[in-house]
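Engineer: The listed protein sequences derive, respectively, from chains A and B. Once you know that position 256 of the first sequence is 256 in my numbering, the rest is easy, because the numbers rise by one and skip nothing. Once you know that position 118 of the second sequence is 118 in my numbering, the rest is easy, because the numbers rise by one and skip nothing.
Calculated from the structure, these hints are not laboratory results. Incorrect hints may appear among the rest.
Simulated pairs of lysine-lysine, DSSO-like, Cα-Cα distance not exceeding 27 Å [unchecked claim]:
| id | chain 1 | residue 1 | chain 2 | residue 2 |
| --- | --- | --- | --- | --- |
| 1 | A | K285 | B | K123 |
| 2 | B | K255 | A | K223 |
| 3 | A | K106 | B | K24 |
| 4 | A | K225 | A | K70 |
| 5 | A | K289 | B | K18 |
| 6 | A | K289 | A | K106 |
| 7 | A | K289 | A | K197 |
| 8 | A | K197 | A | K106 |
| 9 | A | K106 | B | K18 |
| 10 | A | K136 | B | K255 |
| 11 | A | K285 | A | K197 |
| 12 | B | K180 | A | K13 |
| 13 | B | K255 | B | K180 |
| 14 | A | K225 | B | K255 |
| 15 | A | K285 | B | K18 |
| 16 | A | K289 | B | K125 |
| 17 | A | K136 | A | K225 |
| 18 | A | K223 | A | K136 |
| 19 | A | K223 | A | K70 |
| 20 | B | K123 | A | K13 |
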Amino acid sequence: MKTNRTALTNADKIFYSVNDLILLFALCIVLYPLIYMFSASVSDRLAVVSGKVFLWPVDFSLEGYAAIFKDPRILPAYANTVYYTVIGTVINVALTIMAAYPLSRKTMVGRNVLMYLFAFTMIFHGGLIPNYLLMKDLGLIDSRWALILPGAIAVWNMIIARTFFQTTISQELFEAASMDGCSHFRFLWSIVLPLSKAIIAVLVLFYGISHWNAYFNAFIYLKSKSLFPLQIVLRDILIQNEIDPSTITDPESMTKKQGLADLLKYSVIIVASLPVWLVYPFVQKHFVKGVMIGSIKG
Amino acid sequence: MEQTASEAIARPGAALRKERILLKRMRHDYQLYLLLLLPIVWLVIFQYVPMAGVQLAFKNFRIMEGIWGSPWIGFDHFERFFNSPQFTRVVGNTILISLYELIAGFPLPIMLALALNATLRTKFKTAVQFVTYMPFFISTVVMVGMILQFLNPRIGIVNMAIGLFGGEPVNFMGDPSWFKSVYVWSGIWQTTGWGTIIYLAALSGISPEIHEAATIDGASRLQRVWHIDLPGIAPTIVTLLILNAGSIMGIGFEKIYLMQNPLNIASSEVISTYVYSVSLASSAPNYAYATAIGLFNSVVNMILILLVNQIAKKVGETSLW
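Whenever a hint applies, use it, and build me the whole structure from the sequences.
Structural biologist: Take a look at the structure:
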């Protein structure tokens, strides 16, 4: 319905103004910290620690970013995270579809029981210690698989995919294809998957970002520093305040050293979040679609 | 299946035929079961084996004998937890933080979604959505890193602003009385925008004709928000409220643990971090005791979800299942 702006009553004019002010307030609250972090990361360290940076960068400098490359932990961890994200996501998406597609076929015998077994894990799970002991028995402690196998299927994503298959791939379509001698495998591969690019995109995004940001499994299961993903190193730097002394070349005063350490934190936050924020504008609508498919009761 | 069995006595021929049809269908669909093979193996190993491992909560764990070989001791671990001085503190913090989160955070995405839905400026609406979704994609580690930087007593922007207005710097992270607020409000900052998606989807499902009819009857936009939009998304609100109320005991580990320090521990120790601290983080780890605490938490959680769902069924037509 088109609303003609000039024809608004006074009460409505006030309503729309107040409403837009509320939105503007929300926008500023969210945006300000993001802008501040970026500005701080490209400002001079002294400007940052003395409080001269409030919104825009002051005395532009890339010193913080240069320090990142000097820290021997960050780049290998970055590479590890890329590895976990790529391999993990491929396995996630493959297994999720392998579970979701059969469970979406209404004619399959035993479908409801299996569905219940999957769904039950969303409200009850073993907990920290039984999981830890299982990983120990399987010999997965301190292995790369510890970051990939336990979460190989996110049941919530599986349900989203199943709902999608159920609503877009009709039983008639399969019956028609099977008349022509098409098997389930063939049907899935040559008809279902090409028709399901939207949901595959959604799965890749959900799983990819969760791997990129994952912290818990690495924290619990990994011991070797060479396997650490980025989030573990970030924790050391941002929260434990463990800055590698070799990154700070400046032999001058302690304040300057601390200044560089603080600057490095802002830069590292930006570098860690950048890949996600770069893909975000392109994928936003897919995420929204994923949430909407997921919200349909199924 | 039971039906088939009773029919088998009465009319053996029909039941046999039914079974044969079932078997035939299964054989026809064998490829579907092959596809499900790996997911089911995963489900059993990584979900159901740990569930069976929960028996550890009732055992005296001896590492050499493993979970299955250790002797049973009944409810000793539970009794020890209920009688320990930690119990009220840890359970109390868990419930307080969750309730605070629910009460402060739940209405905000609804309000933001209603506001987004009501604005006439479509480009502005898109921009606000785009920006407010962004924090959702920040990792927990980075989020806590940001909190520490912003609230730093020396160089944090928040304390600099306080100083500008003549106030004394506040050591937010070192003061137990600030912990819960910092935890909850940073979470609200991160997730409110994202939380609007589901309400906006529900709002887009409201027929425009209802709005048109109301406009003709002289309803103002505010009245339409109140009498059309809000009731229109009420089922969605109830469903999400059920989900959230059901997870009151289920507060996650990561963010709390990362925000914890010895100064704020009195206010920040929750069940999940306590389980970690008595087991994997401890120099004398007590696996069975930790499992019992975790099980207590899971069971209370499950009961809450089922209970709230039951209440919702009685009160309205909305329920999760």
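Engineer: Are the Cα positions of K136/A and K255/B separated by 27 Å at most?
Structural biologist: holds (25 Å)
Engineer: Checking one constraint from the list: CA of K197/A to CA of K106/A, max 27 Å. Satisfied?
Structural biologist: Since the Cα atoms of K197/A and K106/A sit roughly 22 Å apart, the hinted pair holds (cutoff 27 Å).
Engineer: Run the distance test for K136/A versus K225/A: straight-line Cα separation, threshold 27 Å.
Structural biologist: holds (19 Å)
Engineer: Would you check the hint for K285/A and K123/B, treating anything up to 27 Å between C-alpha atoms as holding?
Structural biologist: This hinted pair holds, its Cα atoms lying about 15 Å apart.
Engineer: Mind checking the alpha carbons of K223/A and K136/A for me, to see if they're no more than 27 Å apart?
Structural biologist: holds (13 Å)
Engineer: Is the hinted pair K106/A and K24/B satisfied, with a Cα-Cα distance of at most 27 Å?
Structural biologist: holds (16 Å)
Engineer: CA of K289/A to CA of K106/A, is that 27 Å or under?
Structural biologist: holds (24 Å)
Engineer: Tell me if the straight-line CA distance from K225/A to K70/A falls inside 27 Å.
Structural biologist: holds (17 Å)
Engineer: Take the C-alpha atoms of K123/B and K13/A, compute the straight-line distance between them, and say whether it is at most 27 Å.
Structural biologist: Given pair K123/B, K13/A holds - Cα atoms ~19 Å apart, limit 27 Å.
Engineer: Within a Cα-Cα threshold of 27 Å, do K289/A and K125/B meet the stated pairing?
Structural biologist: holds (18 Å)
Engineer: Under the criterion that the straight-line Cα-Cα distance not exceed 27 Å, is the pair K106/A, K18/B satisfied?
Structural biologist: The hint holds at about 18 Å.
Engineer: Holds or violated: K255/B with K180/B, Cα cutoff 27 Å?
Structural biologist: holds (12 Å)
Of the numbered hints stated above, those contradicted by the structure are hints 5, 12 and 15, listed in ascending order.
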